[in-house]
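A.B. asks: Sequence:
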Amino acid sequence: MGRLSEHRVSQAQQQTLFRRYQYNRSGNLMQVEDNLRGLTQYQYDPLDRLTSVRGSVSETFAHDPAGNLIQDRLSNVEGNRLLFQGDCHYQYDEFGNLIQEARGTNQSLITRYEYDGQHRLTRVEKHDGTIAEYQYDAFGRRIQKAVTDKTGHQRTTEFLWQGDKLLAESGDSHYQTYLYEYGSFKPLALITGEGAANATPYFYHLDQIGTPLEITDATGQVAWSVDYHSYGNVAYQRKAEITSPLRFQGQYYDEETGLHYNRHRYYSPDTGRFITVDPIGLAGGLNNYQYVKNPTGWIDPLGLMMRNCAGQKVLQKGRLEELRAKYGTLTAEQINQRINLRGATTEEYNRLLRTGMSKNEMGPVVAGVYDTKTGQYFFDINHESLPSKLDPLLANRLENMPSDIMNSYEKTLGAGTHAEVYALNKAMLAREGAALDDFMIYTISAKKASVPLRGLPVPRCPHCDFLTNGTQYFPEVMNYSKKSIVKP
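When we follow the working numbering, the leftmost residue of the sequence shown carries the number 155, and every step to the right adds one.
It is possible that part of the hints are untrue.
As the list claims (entries may be wrong) - Computed spacing ranges between beta-carbons, pair by pair:
id, residue 1, residue 2, range
1, 354, 297, 23 to 33 Å
2, 264, 328, 23 to 33 Å
3, 585, 312, 30 to 40 Å
4, 354, 263, 38 to 48 Å
5, 190, 307, 31 to 41 Å
6, 158, 314, 21 to 31 Å
7, 371, 585, 44 to 54 Å
8, 590, 263, 48 to 58 Å
9, 352, 374, 15 to 25 Å
10, 347, 390, 20 to 30 Å
11, 304, 176, 42 to 52 Å
Stated by the list, open to error - Simulated pairs of lysine-lysine, DSS-like, Cα-Cα distance not exceeding 25 Å:
id, residue 1, residue 2
12, 340, 447
13, 447, 319
14, 527, 319
15, 340, 393
16, 580, 527
17, 543, 580
18, 580, 513
19, 601, 513
20, 527, 543
21, 601, 580
22, 340, 319
23, 304, 280
Calculated from the structure, these hints are not laboratory results. We treat Cβ as the ideally placed atom computed from N, Cα and C, and that holds for glycine.
Starting from the given sequences, assemble the full structure and let the hints guide the process.
C.D. replies: Pasting the structure below:
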C-alpha cells in the first residue's frame, strides 16, 4: 500500500528512535507507538475527517458540512470564510484574502496583511510593531523576506529554488541547504554553513506524511526534535541545537507571523486552513480555503490540490469540474506550469513598463510561450510586419489560411503580426521540429489604464487562433472565434 509502518534508528547497537504505525481498513492512521512520545491514537468521522487525538498532544475537532474545520465552539464560518475563532476575529478583502486579524481584549491586538496584484502576501504588520515584507520572482516563488522588529533592526533572508523546491536560504548569520528524497517534497538532509570547509550535514527523520520530527547529526545524535499539533503547529520543542523551518511537505515556517509559506499560498496552522482562496482564480468548489481532508494522511505541497501520501491526487468535491472547465484534465504539475507562465508573462509586461516603453510602442497585447520540454520562456508584443524568419509550419499555415478566416478580422496590421505568433515563432525556431502541443501560450492585455481589461488575459483573434492551433492555450482566455482544424 506504500504506507510507512515502522521507523527505527539505531546507533552502536543502541536504539535511538523507534516508531510503529497502524492503519484501519480505510487507510487512516489509527495509532503510533513512539519511544519518545508514547502512544498516540486517532479517531475519524464517517467521511474520514479527523475528530480526536489522544496522546502527548490531545485534541478534538469538528467539521461543518462544507468541510470547514471547527476547532472549538467559539468558531464562526460564513461562505467558507472563518470570521472568528476563540478571541480572534478575521476580516477579508473582496477577493477573499485575509487582511486583518484582531484578538485580545476588545480585539485590540491587530495584525494586518497586504497583497500584490497576484494576491501574493507582500507585507504583514503585527500589533507589536514587527513588519515582515516578502518578494517573489516571476514564477511566484518567494525569493526574499525582510523582518523589521519594533526596535528597527532588520533581518533579511534570501531564498534559492530548484523548480518548486526550496534549495537554500541565506541570511546575515546563517546559510542552509536542503536536500530531498527523489521525486518528492520529503526533506532528506540539511547542510548548514556556506562552502565545503564550513558545511555540516544533518539528517531528517520524518513521520508517516513526511513531516520532520527529528534531525540527527553525522554521529546519529538528535540535534532537533519537536511535537506537533495535528494541523502543523509546534506543540513542544524537545531539542533545538539547530533550526529547521520545514514543516508539512512543501511548507516553510515563518517565525515572524506563525504562517507556513506553501509555494502558491500561505497556510495558517492555527486555523488549519489557507489564508487566501485558490491562486488559480477558481471559484474553488465546495471549500477553497480547506487544506486537506485530514492531516494524518494527506498533504498539499504546492497549495493547489490535496493528495494522500500514497501519491493519489484528489480534488475537493465540486472542484474537479471547475478545474477541467478552466484548465482541462491536468496534473498538479501542469496546473503549476500554467500559473508560472501567467506570472512570467505578467512580469514581462511589468518589465517593459519599467524600460519606459510607451503604451503605443508596446501595443495592446503581451504574449508568453513556455516550452514544456526545455523549460524556456519566450515573450513578444505586436509588430507592424511579419517576423524576418518564420518557422516553416507557421509559414505554411499563413500561406494556406482560408479566405473566410483571413477576412473575418480587420483590427490587425496583418495575419502573423500579433504577439502570440511572434513569441511562438521564437520558441519553434529555438527547437526545430518541436510539436505544437509542447508549447503553452498566455496573452494579457496591455491596453491603457482606462480600459478595465488591462493586465488581464485576452483571447486570440481568428488569425492567431488558426496559426497557433494545436498549442496548449489556456481555456480561460480561449478565443471566441470558430475553432479551426488544421493539417500542417
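A.B. asks: Is 23 to 33 Å right for how far apart the beta carbons of residue 264 and residue 328 are?
C.D. replies: holds (31 Å)
A.B. asks: Is the straight-line distance between the alpha-carbon of residue 580 and that of residue 527 25 Å or less?
C.D. replies: holds (15 Å)
A.B. asks: When you check the alpha-carbon spacing of residue 340 and residue 447, does it fall within 25 Å?
C.D. replies: Roughly 20 Å separates the two Cα atoms, so the pair holds.
A.B. asks: Taking the CB of residue 347 and the CB of residue 390, does the distance hold inside 20 to 30 Å?
C.D. replies: Distance hint for residue 347, residue 390 holds at roughly 28 Å.
A.B. asks: Are residue 304 and residue 280 close enough, with their CA atoms no more than 25 Å apart?
C.D. replies: holds (10 Å)
A.B. asks: Are the Cα atoms of residue 601 and residue 580 separated by 25 Å or less?
C.D. replies: Between residue 601 and residue 580 the Cα gap is close to 23 Å, so the pair holds against 25 Å.
A.B. asks: Is the hinted range of 30 to 40 Å satisfied by the C-beta distance from residue 585 to residue 312?
C.D. replies: holds (32 Å)
A.B. asks: Quick one, are residue 527 and residue 319 close enough, alpha carbons at most 25 Å?
C.D. replies: holds (19 Å)
A.B. asks: In this structure, is the beta-carbon distance linking residue 354 and residue 263 contained in 38 to 48 Å?
C.D. replies: holds (39 Å)
A.B. asks: Compare the distance between the alpha carbons of residue 527 and residue 543 with 25 Å, and conclude whether the hinted pair is satisfied.
C.D. replies: holds (23 Å)
A.B. asks: Just to be sure I understand the hint, the distance between the Cβ atoms of residue 158 and residue 314 should be within 21 to 31 Å; is that true here?
C.D. replies: Holds, at about 30 Å.
A.B. asks: Can you confirm whether the C-alpha distance between residue 340 and residue 319 stays at or below 25 Å?
C.D. replies: holds (10 Å)
In terms of the numbered hints stated before, the structure departs from none.
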